[in-house]
Amino acid sequence: MVGRIFRAVRTPFTLLILLAILSYGAWWGWTNVIRTVPPAPPTPCVDQPVSKGQLKSSQVTVSVYNGGDKRGLAGDVGRSLRDRGFKVQQTGNTGEKIQKTVIVGAGAKNPEVLLVKGFFKGAVVRADKRPDRTVEVLVGNDYGGFRKGAKTTYTVKATTVCLPAQATATPSSVTGG
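According to our numbering, the sequence shown is numbered sequentially starting from 715.
To be clear, the hints were calculated from the coordinates, so they are not data collected in a lab.
A hint or two may mislead.
As the list claims (entries may be wrong) - Taking lysine-lysine pairs in the BS3-like style, the calculated list, with each CA pair at most 27 Å apart, reads:
(1) Lys871 to Lys784
(2) Lys835 to Lys814
(3) Lys823 to Lys801
(4) Lys801 to Lys784
(5) Lys811 to Lys770
(6) Lys843 to Lys811
(7) Lys862 to Lys811
(8) Lys835 to Lys801
(9) Lys865 to Lys814
(10) Lys862 to Lys801
(11) Lys871 to Lys811
(12) Lys823 to Lys766
(13) Lys831 to Lys766
(14) Lys801 to Lys770
Given only the sequences and the hints, what does the whole structure look like? Please build it.
Written out as structure tokens, the structure reads:
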């Protein structure tokens, strides 16, 4: 008698277990298919030669972001930097509210950061240890202005400087153009 009951329950029970396994597999697969792909990490910097110990503005990659209320400020600043030879990778807005101009780079004493900082009155530097050595300029409501007479070269002691291999768009503070 017990054998008959076991045989009668065994098939539906097995089907329920298999259905549960199939459902879990479908759920797991679907959640992994719709998951957003994380952004690729930035390409690390590459040692590039500097002639006569001078880092040139044409070797520095800059992005400019507006954190203030004045429309078009990032574009204006980006054009001014481009006119001085910088590789302006991107201009747009940042979700971060900025008052004074902030120069963001790998290190506060890195030559590419100091070269860019020399173009802005009253700018402060924020180091974030970024591996690609690009520089971001965040301009805000108390934008101090652009130093028109700033030098487009920066003296370095080394024969090479670690700079971006190519322009890559990886700024995390950007929310729109």
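Status of the hints after comparison with the structure:
Taking the CA atoms of Lys871 and Lys784, the gap is about 39 Å. The hint is violated against a cut of 27 Å. In summary, the hint linking Lys835 to Lys814 is supported, as the alpha carbons are separated by about 9 Å, within the 27 Å threshold. Pair hint Lys823 plus Lys801 holds up; C-alpha atoms about 20 Å apart against a cutoff of 27 Å. For the hint linking Lys801 to Lys784, the alpha-carbon distance of about 23 Å falls within 27 Å, and the restraint holds.
Of the supplied pair hints, the one linking Lys811 and Lys770 is violated, its CA atoms being roughly 31 Å apart against a limit of 27 Å. Restraint check for Lys843 and Lys811: satisfied, since their Cα atoms lie roughly 21 Å apart, inside the 27 Å limit. Distance hint between Lys862 and Lys811 is fulfilled; the C-alpha atoms sit about 26 Å from each other, no more than 27 Å. Straight-line distance between C-alpha atoms of Lys835 and Lys801 comes to about 20 Å, which keeps the hinted pair within the 27 Å bound.
Straight-line distance between C-alpha atoms of Lys865 and Lys814 comes to about 21 Å, which keeps the hinted pair within the 27 Å bound. Using a Cα cut-off of 27 Å, the hinted pair Lys862 and Lys801 holds, with the two alpha carbons roughly 17 Å apart. For the hint pairing Lys871 with Lys811, the CA-to-CA distance comes to about 36 Å; that exceeds 27 Å, so the pair is violated. Between Lys823 and Lys766, the direct Cα distance comes to roughly 20 Å. Compliance with the 27 Å bound is thereby established for this hinted pair.
Restraint check: the Cα-Cα separation between Lys831 and Lys766 comes to about 21 Å, which is no more than 27 Å; the hinted pair holds. Taking the CA atoms of Lys801 and Lys770, the gap is near 11 Å; set against the 27 Å cutoff, the hint holds.
The structure is inconsistent with the numbered hints 1, 5, 11, although it conforms to all the rest.
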